[in-house]
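A.B. asks: Each chain, written out:
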Amino acid sequence: SAVISQKPSRDICQRGTSLTIQCQVDSQVTMMFWYRQQPGQSLTLIATANQGSEATYESGFVIDKFPISRPNLTFSTLTVSNMSPEDSSIYLCSGGGHMNTEAFFGQGTRLTVV
Amino acid sequence: KQEVTQIPAALSVPEGENLVLNCSFTDSAIYNLQWFRQDPGKGLTSLLLIQSSQREQTSGRLNASLDKSSGRSTLYIAASQPGDSATYLCAVNGNNRLAFGKGNQVVVIP
Numbered sequence: 006s007a008v009i010s011q012k013p014s015r016d017i018c019q020r021g022t023s024l025t026i027q028c029q030v031d032s033q034v035t036m037m038f039w040y041r042q043q044p045g046q047s048l049t050l051i052a053t054a055n056q057g058s059e060a061t062y063e064s065g066f067v068i069d070k071f072p073i074s075r076p077n078l079t080f081s082t083l084t085v086s087n088m089s090p091e092d093s094s095i096y097l098c099s100g101g102g103h104m105n106t107e108a109f110f111g112q113g114t115r116l117t118v119v
Numbered sequence: 002k003q004e005v006t007q008i009p010a011a012l013s014v015p016e017g018e019n020l021v022l023n024c025s026f027t028d029s030a031i032y033n034l035q036w037f038r039q040d041p042g043k044g045l046t047s048l049l050l051i052q053s054s055q056r057e058q059t060s061g062r063l064n065a066s067l068d069k070s071s072g073r074s075t076l077y078i079a080a081s082q083p084g085d086s087a088t089y090l091c092a093v094n095g096n097n098r099l100a101f102g103k104g105n106q107v108v109v110i111p
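Just so you know, the protein sequences line up as chains A and B, in that order. Just so you know, we're using my numbering here: the first sequence kicks off at 6 and counts up by one. Just so you know, we're using my numbering here: the second sequence kicks off at 2 and counts up by one.
Treat the hints as calculated values from the structure; they're not laboratory data. Every value quoted in this text rests on a predicted model; they were computed, and no experiment measured them. One thing to keep in mind: the hints can contain errors.
[Unchecked claim] DMTMM-like cross-link-like pairs, simulated, lysine to aspartate or glutamate; straight-line CA separation at most 25 Å:
#	chain 1	residue 1	chain 2	residue 2
1	B	Lys43	A	Asp92
2	B	Lys103	B	Asp28
3	B	Lys103	A	Asp92
4	A	Lys12	A	Glu63
5	B	Lys43	A	Glu91
6	B	Lys2	A	Glu107
7	B	Lys43	A	Glu107
8	B	Lys2	B	Asp68
9	B	Lys43	A	Glu63
10	A	Lys70	A	Glu91
11	B	Lys43	A	Asp31
12	A	Lys12	B	Asp40
13	B	Lys103	B	Asp85
14	B	Lys103	A	Glu91
15	B	Lys2	A	Glu63
16	B	Lys103	A	Glu63
17	B	Lys103	A	Glu107
18	B	Lys43	A	Asp16
19	B	Lys69	A	Glu107
Sequences and hints are given; from them, build the entire structure.
C.D. replies: The structure is reproduced here in structure tokens:
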């Protein structure tokens, strides 16, 4: 399967600031997804990143808080805006996983907000 | 809404024992089911993908079965090793999105 390079792998950020997470795929993928994993919990889908159009957000997540870009079929970014300690989580990007295709994940970004 | 449950939540086994991890899901209308491994603070590594038309998949010491009609999958890890210590996540693919269980946290004791 394809390989996703995600960065940064971890960061410690001040309350009120923003962090942009990048994911680069080594081949073109139709669909990319962004997930959040809060401590001790499973993965929750934030949004589907659509190439050439706005991202599709899940209930409870809004574009102002988590703006997403998808300029082409190999790259996407997620920004966590105006951070608070409640945003401390692991954020993961994913490709594939639609229809009968295999899903693959980046290495994750471990975010701590202080 | 798809609900995915993994039992047991955590288990410890001595090295060499076989591991049996269970996953159940509520909606049988799925494309496939995928098992992942996650090490602490890291991303997910895909272990096995079972299409909805398949009954099982094998890779080395790993074997995963799927009974779609009853909404169950089981991951078997033969002859466990300390390096198998991790959290194992089951993800069900339906409606072009993955629904995850909370995971089976495994510790293999040397």
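A.B. asks: Hints first: check each against the structure and report whether it holds.
C.D. replies: Cross-check of the supplied hints:
Distance restraint check for lysine 43/B and aspartate 92/A: the Cα-Cα separation of roughly 17 Å lies within the 25 Å cut-off, and the hinted pair is therefore satisfied. With a C-alpha separation of about 17 Å, the suggested pair lysine 103/B and aspartate 28/B falls inside the 25 Å cut-off, and the hint holds. Pair hint lysine 103/B plus aspartate 92/A holds up; C-alpha atoms about 19 Å apart against a cutoff of 25 Å. Distance hint between lysine 12/A and glutamate 63/A is fulfilled; the C-alpha atoms sit about 23 Å from each other, no more than 25 Å.
Our distance criterion of 25 Å between C-alpha atoms is met by lysine 43/B and glutamate 91/A, whose separation comes to about 19 Å. For the hint linking lysine 2/B to glutamate 107/A, the alpha-carbon distance of about 21 Å falls within 25 Å, and the restraint holds. For the given pair, lysine 43/B sits about 19 Å from glutamate 107/A by alpha-carbon distance, which is consistent with the 25 Å threshold. Restraint check for lysine 2/B and aspartate 68/B: satisfied, since their Cα atoms lie roughly 19 Å apart, inside the 25 Å limit.
Under the criterion of a C-alpha separation no larger than 25 Å, the hint pairing lysine 43/B with glutamate 63/A is consistent with the structure, at around 23 Å. Of the supplied pair hints, the one linking lysine 70/A and glutamate 91/A holds, its CA atoms being roughly 13 Å apart against a limit of 25 Å. The hinted pair formed by lysine 43/B and aspartate 31/A meets the criterion: a straight-line CA distance of about 20 Å does not exceed 25 Å. For the proposed pair lysine 12/A and aspartate 40/B, the alpha carbon gap of about 17 Å is at most 25 Å, so the pair holds.
Taken as a hint, the lysine 103/B and aspartate 85/B pair is honoured in the structure, with Cα atoms around 18 Å apart against an allowance of 25 Å. Distance restraint check for lysine 103/B and glutamate 91/A: the Cα-Cα separation of roughly 20 Å lies within the 25 Å cut-off, and the hinted pair is therefore satisfied. The suggested pairing of lysine 2/B with glutamate 63/A holds, with an alpha-carbon distance near 13 Å, which does not exceed 25 Å. Restraint check for lysine 103/B and glutamate 63/A: the C-alpha separation of about 19 Å stays at or below 25 Å, so the hint holds.
Using a Cα cut-off of 25 Å, the hinted pair lysine 103/B and glutamate 107/A holds, with the two alpha carbons roughly 20 Å apart. Distance hint between lysine 43/B and aspartate 16/A is fulfilled; the C-alpha atoms sit about 13 Å from each other, no more than 25 Å. Between lysine 69/B and glutamate 107/A, the direct Cα distance comes to roughly 18 Å. Compliance with the 25 Å bound is thereby established for this hinted pair.
In this structure, none of the earlier numbered hints is contradicted; all agree with it.
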